[in-house]
Amino acid sequence: MRNLNTALAAAIALTSISYTGLAQAQVSEFATVEEIIVTANRRQEMLQDVPMSIAAFNENFFKDAGITDFKDLENYAASLKIVSQSSSRDTSIRIRGIGSTGTNAGIDPSVGVFIDGIYQGRAGMSLGDFMDIERVEVLRGPQGTLYGKNTAAGAISVISKAPVGEFEGAAEVVVGNYDALETRGMINIPFDDNGSAMRVSAYKVERDGFDDNIAPGADQQELNDADKWGIKARALLETDDLGSFTLSVDKSKDDSVCCAPDVIGYEGTSGLNLPFSSLAAATGEPLPAVDEFDRKLYADAPYTNNVEVEGIALEWVKDLDNDFILTWINAYRTYDSYSEFDSDFSAYNGGIGATEVDHEQQSSEFRIASPEGETVDYQVGVYYYYSDMETIGTISMLGDTEAAAQITNSPLIGYFNWPDLGYPPSFIYPSAFLPNNSFFDANGEVTNIDTNTHETTNYAAFGQATWNITDELSTTLGLRYTYERKEREGSQITTPVPPRDAPPFGPDIFVDESRSKENVSPTITVRYFTDDRVMYYGSISRGFKSGGFNQQRTASGVEGEFDDETSTNYELGWKGTFLDGGLQFNGSLYYVDYEDFQSQTFDGTSINVRNAGNLTSYGLEMELQYVPTVNLSLGGSLGYNKAEYDEFDDGECTADNKGLAYQDQFNNWQVPADITAPYPLNLLAALNGDDLPPQFAGQAVCENDLGGEELDNAPELTLSTFAQYENVAEILGGNMYFARLEYIYTDSYYLAQDLDPNLENDATNIFNLRMGIKDITGAWEATLWARNLTDEEQLLSGLDIPVYSGYVGFNAPPRTYGASLRYNF
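According to mature numbering (1 follows the signal peptide of the UniProt record, and there is no 0), the residues represented by the sequence shown are -25 to -1, 1 to 800, in order.
It is possible that part of the hints are untrue.
Stated by the list, open to error - With a Cα cut of at most 20 Å, we get these calculated PhoX-like pairs of lysine-lysine: (1) Lys226 with Lys179; (2) Lys271 with Lys136; (3) Lys228 with Lys293; (4) Lys492 with Lys617; (5) Lys46 with Lys226; (6) Lys38 with Lys492; (7) Lys38 with Lys179; (8) Lys617 with Lys749; (9) Lys271 with Lys46; (10) Lys179 with Lys136.
Claimed, not checked - Derived Cβ-Cβ restraints for the label pairs, each shown as a range: (11) Val148 with Asp568: 46 to 52 Å; (12) Asp538 with Ile287: 32 to 38 Å; (13) Thr470 with Leu547: 21 to 27 Å; (14) Glu335 with Asn35: 34 to 40 Å.
Derived from the structure by calculation, the hints contain no laboratory data.
Beta carbons: idealized from backbone N, C-alpha and C, even for Gly.
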């Protein structure tokens, strides 16, 4: 209720700014908010005319705010959250509280990312530098009709700058603390007088790590650095009769030492902290310190994040004599990722993991758009998409795990023993339940390798028509038909082969499965202009995200397939322009109903996907831009969101609850009557089926009913504001000085799906500052900048770690500062 009251108060404040004193305000005739042209409806339209909740950012915004990283968008678009944790493949893009991560390659994103009209099959493909970008559009709510599958929560459209018929170029150098060095450049070369040209841009980013690795003998002394580069070339050929052809080629590479977490606690149920003592006694290593923000991490295994993205695309656009427009886009893209990580997240030699992803995709889209300004405007099209993705996931338990397993109360078994049975402390030794100590090989290791091939084939036909009933009133109907087939072939091999399932380790599994699905996604929108300043709209739309197959290991016999996710969005909104263009105030109210929501749960060893049932997401979004004078610009956005499970009776348990459940189940378990003392040392290995304790029989350890609870990574309230001032100074030789201050507030929220209070992020307040001087003609610009000015501490995400009944979190960047110099020619 507190957050709702805050949101309403902010809404009233923004509304008062918008509507109070309109008649009295004295605004310069030149003080207007810059109009932005968007293509959210696959046509060029003014942002204020589009009946949809959109946050649009153009080239000037990126320069003014100093934004070059895709992930920074979340600070400026209400209801958008972008989280990347252990590698780029784990990226989660969420809109209105809803999203998915790529940790399990079997799940698709809930928010589709389109770069120059081309769908990016994995979220990690979109994390490049904002290099030579014309515009970014964040489309909130389902976008199934025009954008297709995997847009159940929304879509992000990134539009690169097109080649132009004039020679131009730019060069930029950025330096900062942590020895940061960033270089960017662009050159545009015209070919002829028809507008044919080539445009090439490139970037290189290097920075030392934010964190120190204090694990004894570790090779990597600094963690979470940056080392990436990219290049993009676009060639435009304009012809008199055949139309225009745009060929685009791009490549980017990331070799960062990323992404290592820090221990944020192991202060759970006191009886469950004993594994720490076991590990320390067995390995001789000290316990990790609990200070999530000290920037000192324990990592005895390497952290690697090698990502390479390449693509080529050809777009053909033809204006017909009758003003119809034909568009045909063909693309081929690849995404190769290799990541290594310390799977026990500590200085113990307990585990190491690695994941390799090789993704290839082809797509083709053909559209016909009718002339604009007619009584009925329409467009129809067809779409084809195919992807082939191979993944190899490796997880190994190493020597320290075997050593720790010999200690009473070892985490390997479950923080308990049975002293009443007369067993010595060595009862918890692996041989107690695995014959001949067969869980580990001769080197004291056990390794599981998951190898999978996923193939996706998608065909679609779509259409959208707008009936302009009057100059003020119009209605739009849209429909998309989709057919999709997914095939998966793979294996899960553990060496040595253990006699019992203990995911991620267990008997060998081989899979060969497929699924097909058809879907129809409709939309209906009504738009009404009260005059040339204010527009109201209402819409109902459907979104669709296909089901799939869990890539990561589940127990033998457990169903690995999950169903499609669908969403229905109800939205009312408005867009207003006042003060002769000096003020824009837009907003929307929404209610989204999700069916068979695909929830990802981390069970301590792997992230698996399950259908959680239904959930709802509702709230409001507002954007305000105000230019009171030619020198001063003010703006902000506010998002209020409540995302809750309607039903989810098998949510993941917290680490504490799971440990207590283990303990309780063992305390209540009875040795079968036909087995009498003295008991065999390998008692558990001698049992089968119903005679086993529940956790060894593949039964659920505990239950966590999340019905009525909030979603993780879904803050209720977000607020972003800025003030920017610039003016001419004679003392600077007639050049301009400028300053921009930003304030970003994010409410508290849970970091993990189990809603563990140990993994709750506090509310944060971030300040960013930029100031500098620039040539009045725009030829050059020198800037001093600081991000996270007050060094606010926050976590991006967090996980339960069963090895020591603890928790780890991924830190957000600390305070960074530096200078930049840009030259345009």
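Tested hints:
no.: 1; hint: Lys226 with Lys179; in the structure: holds, 12 Å
no.: 2; hint: Lys271 with Lys136; in the structure: violated, 41 Å
no.: 3; hint: Lys228 with Lys293; in the structure: violated, 34 Å
no.: 4; hint: Lys492 with Lys617; in the structure: violated, 31 Å
no.: 5; hint: Lys46 with Lys226; in the structure: holds, 19 Å
no.: 6; hint: Lys38 with Lys492; in the structure: violated, 44 Å
no.: 7; hint: Lys38 with Lys179; in the structure: holds, 17 Å
no.: 8; hint: Lys617 with Lys749; in the structure: violated, 43 Å
no.: 9; hint: Lys271 with Lys46; in the structure: violated, 24 Å
no.: 10; hint: Lys179 with Lys136; in the structure: holds, 19 Å
no.: 11; hint: Val148 with Asp568: 46 to 52 Å; in the structure: holds, 50 Å
no.: 12; hint: Asp538 with Ile287: 32 to 38 Å; in the structure: holds, 35 Å
no.: 13; hint: Thr470 with Leu547: 21 to 27 Å; in the structure: violated, 58 Å
no.: 14; hint: Glu335 with Asn35: 34 to 40 Å; in the structure: holds, 36 Å
Hints 2, 3, 4, 6, 8, 9, 13 from the list above are not met by this structure, while the remaining hints are.
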